[in-house]
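The primary structure of each chain is shown beneath.
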Amino acid sequence: MNFYIVSLIKSALVAFVLLTALAYIQWVERKVLAHIQLRIGPRRVGPHGLLQPLADVIKLLTKEDMIPSHVNKFFYLLAPFLAVMFALISIAVIPFGTEVKIGNFTTPMQLTDLNVGVLFILGLSGIGVYGVALAGWASNNKYALIGGLRSSAQMISYELPMAMAIAAPLLLLNSLSFRELVDGQAGFYLGFIPKWSIFHGPFPQIVSFIIFLIAAFAETNRVPFDLPEAENELVAGFHTEYGSMKFAAFFMAEYANMVTVSCVAVLLFLGGWQPLWPAEYGSGFLPTLILGISGLVCLYHGMNPARPMDRFTLPVFGVVFLGLAGVFLIPAIAPMLLPLFWFLSKVGVVLFIYIWIRGTLPRFRYDQLMSFAWTVMFPLAIVNLFITALMVALN
Amino acid sequence: MPPIPESVPFTWYLILSAILFTLGIAGFLFRRNVITVFMSIELMLNAVNLSFIAFSYKFKQPDGHIFSFFVMVVAAAEAAVGLAIILTIFKNRQTLEIDEVSSLKD
Amino acid sequence: MEHVILFLIFAVIAVVAAINLVLQSHPISSALSLVGVMGALALIYLQLGGEFIASAQLIVYAGAIMVLFIFVIMLLNAGTERKMKRNLWVKYGGLPLMALFIGVVAYVIERMLPPSPGGLFGNMTHGNPQEIGRLLFQQYLLPFEVTSILILIAILGAVVLARKEIE
Amino acid sequence: MQQLWLIPLLPLAGFAINGFFGRRLPKIWINAFAVGSVLIAFLWVIKALSALGAFSGGLEEAHVEHYFTWIQSGALNISVDFAVDRLTAVMLMIVTGIGTLIHIYAVGYMDHESGYYRFFAYLNLFMFFMLTLVLANNFLLLFVGWEGVGLCSYLLIGFYFLENFATTAGNKAFIVNRIGDFGFSLAIFLIGIHFSSLDFGKVFGQAKALPVEASPGWMTAIALLLLVGATGKSAQIPLYVWLPDAMAGPTPVSALIHAATMVTAGVYMIARSSSIFLHSPLALSFVAVIGIATAFMAASIGLVQNDIKKVFAYSTVSQLGYMFVGLGTGAFSAGIFHVMTHAFFKALLFLGAGSVIHALSGEQDLRHMGGLLKKIPITATVLFCAGVAIAGVPPFSGHYSKDAILESAYQYAPWIFWVGVFTAFMTAFYVFRALFLCFFGEYRGHHHPHESPFIMWGPLAVLAALSLGGGFINIPKYLEPLFPASETPLPAGIAWVPVAAGLGGIALAYLFYVVSPAIPESIGSMFKPVYNTLYNKYFVDEAYASAVVDPIVDGSRSLLWRTVDAGAIDGAVNGVGKTASGIGELLRRLQSGYIRDYAGWVVAGAILVVVAMGIMEVAK
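Chains as they are written, first to last, in the numbering used here: chain X, 1 to 395; chain G, 1001 to 1106; chain P, 2001 to 2167; chain W, 3001 to 3620.
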């Protein structure tokens, strides 16, 4: 029964962290977008708008939960549920780090190490279509229907290049379990080039990484592929008819998918929790360094605040950061936290790319989108796959 | 009420597959919507797949998996063509009622 | 113990979904219940050690084929079937007949198959992708290639059938 | 392995190309494929034979090449394999060599004809079948070639299928050959039964093993049936009637098929199965008698024909009769020898005749020729070469082969010898009659003769050389290992007789048709009935028509058609149709067009099966 308890604890933990993270990713997105567009972004609620997500959640929860009269109720309600469920399930096979040791009890930093984890993710992303498609159909609304159709078409189309792109590093690392994949990317060439699959011999997977990223954008209906919810043509696409928490569900689903995809990208291409450079060059002290500096900066700004409130908030952050920096120095905990740190920072980078691109690129036209998928990505992915297979075979 | 066995008796899988298959037949026979009929066929295929997998579990060799994999692939091809046909039927007759597409007899 | 319980859960899901498929009057509902069946079956496959086949079930069947179905249903905007009165013996005889059929099949199966060690999770490890791949590309290479050609033909056929005539 | 299969397959390839694409190909290509394939086949024959040492005293034993098993049923195991021994070597050289020459000739001759590609396609096809026939190492494969050449001869006789007489002639040839082939196939069945094999090696091995004096009756039966086949193909009494009509085909065809190669197939076949015939003296004597009778009869008919090709046709028949005499009297090698020499000079005669016809743009009647010696000297020369050859004037080829035959005939039965000599006399007479009518005297036609192009007289020259010198190729000696020859020359007293007969014939012809052309008319009117009989070919065709053809036609019209066909067969067919439609009327109700109904039936079947299994389980 031990197994069940541990799993429960872990999943509760992961769920909590993940949901919070989702909320805050959105905050980060708003901030970053704002700065890209030379705005300031949310800053009313809490210091630097840090409590904005909380406020949003409360707002969404407390809004009137109205169901349009013309919809197919069952599916209308089922759709967001499906969407968010599939989005959240897929996190179950994602490993965040090596493993946790508490006394003599060890457990991997992962809900379950499925040895076909990659396939599992693929399958779920395939099923994920249903949420959107159903939503579009059940809303009984032209815009929504078009949005739903678009998204299902788009998702199916981009499944293929994505799968192809994923297959290539699998060939290199010869496994389907994320943990083994990451272990396969350990080590360095010439002592300093990490053996991540984007650098991995015999055939670096840069191309497939790019393909994967693009396909991932399409899979998650993000700019520049957010046709299903293109405001200026489809009102709000498949979730036109959705409000309050049901809308929030789609929102969460989208961000959860983002997170999942970024995690997969990191695990498959960016070497998971493998450090960027070897430990003997002091990669282990990077987190301490960053946290320490940021803590000091916070303290400094706390000394001479720009706004009255900062006098109280910033020192608190500073202390917290310094404390964390200290935590990373404890030899007993460091080996657990370091991989976590690397993993999360890489995921953060990928997420940042998401936001960055959203801030930068305009939206595709629908036919362009499809033809791009079938005439550029797909052949490219296949060619890449063939070359990889050839290289692997030749080795 | 017999005690619940430690492991799933092998025959249960087959019986489950039989039940599913029969339901598929029922769907095929009692439904009039072409698409639903088609889906009933898919259901039958799934049932058969289940027994394949079960047998290859029983005999501890993966050939059954291979076969059901082929079944899936063929089902995919079948779905592509079949749905295309359904589309064409609908385009020409504006109906999905399987009984209204009975020109085969004359 | 828990294996059996899990199996029963999945089996019940599958059967209920299948019944729903048959009874629901709207194609979309049927389609979704079919997806449900497939999901449950995928889990049962996992129990039977078919990791690869379970994933394939999700990806190919649930992820691609059924999406295609739903896609078509949406495109054609297929409405609910209009009720039509069946002739009596189908109405009243159908269900017992099915029950009888299932009963006979179950009986035959029980009689014909000797009792054997039952299904446990992780008890069979032959279904992993490595094994399947090895078989697929060595022993079953020819069927594999033939199937691929079949798919190619199917694609062409679908395109030809579904394209709109150019006047 | 000498890749013998290439030899027949090259012409087949030519046939395929010309037959399928010839319509679109330019003439030059058609010629290239048609002639080229045969020429290469000829060269290949030479290469293979020299490799087998056929020219250097080798090839005592047959060289067999097995390709694949064709029919495997029970004890009978028939495989497709080719064999070459000295007999085959001779035939191969004749067929491919003459074939090549005639192909080249035909390029010139058929130049203006329509259906050019068709002609050469058929010709190549014929080469293929003929070579198969010659190379075959078992009776069935030989039969394939046998039938094939029959087919090709039919196609080529009926080449001008727009003319009525051509098609009828083709039909005649085909049907008459069927009779012979019927006997041949019966013979093959008997062989299969008694030797439980059709392979030459096995069959003849077993046959040789049997004691000659106590040879069983079925051996004679086989031999006689084979003889029937041979009479059909080689135009012997009573089945010779098709050959003269076969002249309806283009002249190269007459030369190649109806003089040089195909008609000698019967001779070849009998020689090939000599070890069977040697076990049945009765059959042998039949061969001899039929041969001499044919020779005499045909020659006598040839005396009075006015169509130049008809004359040569009958001469062919009678020469074939000579060959049969050779075979029948046990001098197989002499027969083959005569096959060769005859191939030379008869091909030459026909081609020369063709050249004459070509020169007169289609005129075939001797009465409208004459005085052509000046106008077409080359043709004239070569024709006279052929004439002296066939007349048996020493030292030309005909002399040697004919003498060889007559010697053995004398050994066998003197009367055959004397009839043979008289036939030789007649032969010389009618051949030179034709030549004199053609080349001497006044030109009685109204065309403007012109000499043929080189491509036509080139081959003629070669053939002329062969028919003059061909006699020095000592075939009997060459065939020793196969046919132990009994070389007993004629007693000195009558050794000069055949030669004398030949020269006498020539002299008489000169007297009749050059010196004083009045004599033949007076003789003709003096012996009117004889003349008419001869002129109408002994009324054989008419006899056959009234005795065989008409009864069959009437019988089939009244009995087979009206009663059997219209009544029984049609009735049965219609009855079947009615029944079927009746049943269908019942079953139609099954096909309601509702897919669910069909599925219902399927399911019902499935349920039945399962229930049956259940019952069986219970029964256990």
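Derived by calculation from the structure, the hints in this document are not laboratory data.
All residues carry an ideal CB built from backbone N, CA and C; glycine is no exception.
Be aware that one or more of the hints could be misleading.
[Stated by the list, open to error] In the EDC-like style, the derived pairs of lysine to aspartate or glutamate whose C-alpha atoms are separated by at most 16 Å in a straight line are: (1) G:K1058 / P:E2002; (2) W:K3477 / W:D3199; (3) W:K3620 / P:E2110; (4) G:K1060 / P:E2131.
[Said to hold, decoys possible] Not the full set, but computed from the structure, chain W residues with beta-carbon under 10 Å of chain P: (5) K3375; (6) V3540; (7) I3607; (8) M3616.
Inset, instruction - Would you pick out the hints that fail for this structure and give their numbers low to high? - result: 1, 2, 5, 6
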